Amino acid sequence: MSPGIPAPDFTLHSTPDQTVSLRDFRGRPVILAFYPADWSPVCGDQMALYNEILSEFQRYDAELLGISVDGVWSHLAFTEQRKLHFPLLADFEPKGAVARRYGVYRDGEGTTERALFVIDGDGIVRWSYVSPIGVNPGADGILRALEGLGKGKR
Amino acid sequence: MSKKRDAAVLAVPVGDDDHFQGPADAAVTLVEYGDFECPHCRRAYPIVKEVQRRLGPRLRFVFRHFPLKEVHVHAEHAAEVAEAAGAQGKFWVMHDRLFERQFALEDDNLIEYAAELGLDAARVARELAAHIYKAQVRDDFMSGVRSGVNGTPTFFINGVRYDASWDADPLAAALEVA
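First to last, the sequence lines map onto chains A and B.
Read in order, the letters of the first sequence are residues 1 to 154 in my numbering.
Read in order, the letters of the second sequence are residues 155 to 332 in my numbering.
Since the hints were derived computationally from the structure, they do not count as laboratory data.
Any given hint could turn out to be false.
Claimed, not checked - Okay, the calculated bits of chain B under chain A, using three or more residues with CB under 8 angstroms as the criterion:
1. 179-191
2. 290-301
Claimed, not checked - Pairs of lysine-lysine, DSSO-like flavour, derived with a Cα cap of 27 angstroms:
3. A:Lys83 to B:Lys223
4. B:Lys288 to B:Lys244
5. B:Lys203 to B:Lys223
6. B:Lys288 to B:Lys223
7. B:Lys288 to A:Lys83
What the hints assert, rightly or not - If you want the ones that stay clear, here's a sample from chain A, every Cβ over 10 angstroms from chain B, calculated:
8. Asp17
9. Asp24
10. Arg28
11. Gly108
12. Asp122
These figures come from a predicted structure and were not determined experimentally.
Even for Gly, the Cβ is constructed at its ideal location relative to N, Cα and C.
Working from the sequences, and respecting the hints, build out all of it.
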């Protein structure tokens with residue numbers, strides 16, 4: 001999924017009775033953070049870091065969406081336990097379908113890559129990064145990409 | 155422009171505003187981004203002391219705040235109190251005290267430590283209540299985010315992120331060759 005390509009739209013559950021669609025955020029930047037699984041310690045660190053810097057993302061009016069193949073009940077428990085303040089989406093049924101459309105599904109493992117996408121207000125992918133699976137990619141790349149949006153056509 | 159990640163480097167070079175131990179012109183500078191409530195940082199604390207002993211005046215050690223306050227609810231106030239102690243010339247004794255008493259970091263505890271360490275505890279309490287050093291702690295945190303810090307502790311040796319083991323032997327060895 002290279003920069004300049006329209007981001008595939010999707011609708012996924014964020015809680016047992018709520019769904020989130022990418023198009024809901026048209027007009028604002030969106031950060032998609034695919035991660036392999038709730039509860040694994042590395043993921044916890046990555047989501048914990050993003051949780052700390054939500055206010056920085058909000059400076060760019062950007063919405064952060066975490067996505068994994070875990071189900072809504074796992075996401076709910078994980079969100080509560082880690083006190084996360086952003087939605088986690090369940091790419092659960094059909095499993096990994098959204099990750100596949102973004103080219104970040106790992107067939108052998110049955111999980112997504114640890115992949116980041118920054119999508120602009122027009123729904124165009126402007127930056128992406130796939131991290132080695134065991135490595136927390138941090139947030140510096142996301143922040144640079146959000147800064148770059150301001151200097152582009154928007 | 156999708157880009158490959160280069161080796162992470164310090165976005166904000168070590169400067170006069172930093173708390174450091176060791177000579178300013180030391181051959182090697184070790185920077186830690188740490189959180190006083192983080193158990194891994196607690197484990198790193200005596201290890202850093204050990205490598206400081208081994209390298210002596212060849213090493214300058216810098217501590218910057220990276221409080222993960224959503225998971226460590228006392229970490230931000232602890233960092234602010236360390237800065238308040240720093241304003242009275244006692245950053246490092248407070249830094250040590252906070253790691254040694256990591257199990258007790260309520261606001262009352264923090265003020266107690268200030269009194270025990272011979273600080274003007276009333277002033278520390280006032281400065282904590284007014285969050286005088288909150289922005290400074292946040293500046294450290296954001297400089298860490300910009301530098302690719304993604305958890306605690308994260309170390310930088312001469313400005314480049316050190317991703318290998320920070321047990322005493324490998325860390326000292328990396329510092330020796332830096």
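Consistency of the hints with the structure:
no. : hint                 : verdict
1   : 179-191              : violated (count 0)
2   : 290-301              : holds (count 5)
3   : A:Lys83 to B:Lys223  : holds (11 angstroms)
4   : B:Lys288 to B:Lys244 : holds (18 angstroms)
5   : B:Lys203 to B:Lys223 : holds (25 angstroms)
6   : B:Lys288 to B:Lys223 : holds (12 angstroms)
7   : B:Lys288 to A:Lys83  : holds (21 angstroms)
8   : Asp17                : holds (25 angstroms)
9   : Asp24                : holds (25 angstroms)
10  : Arg28                : holds (21 angstroms)
11  : Gly108               : holds (24 angstroms)
12  : Asp122               : holds (17 angstroms)
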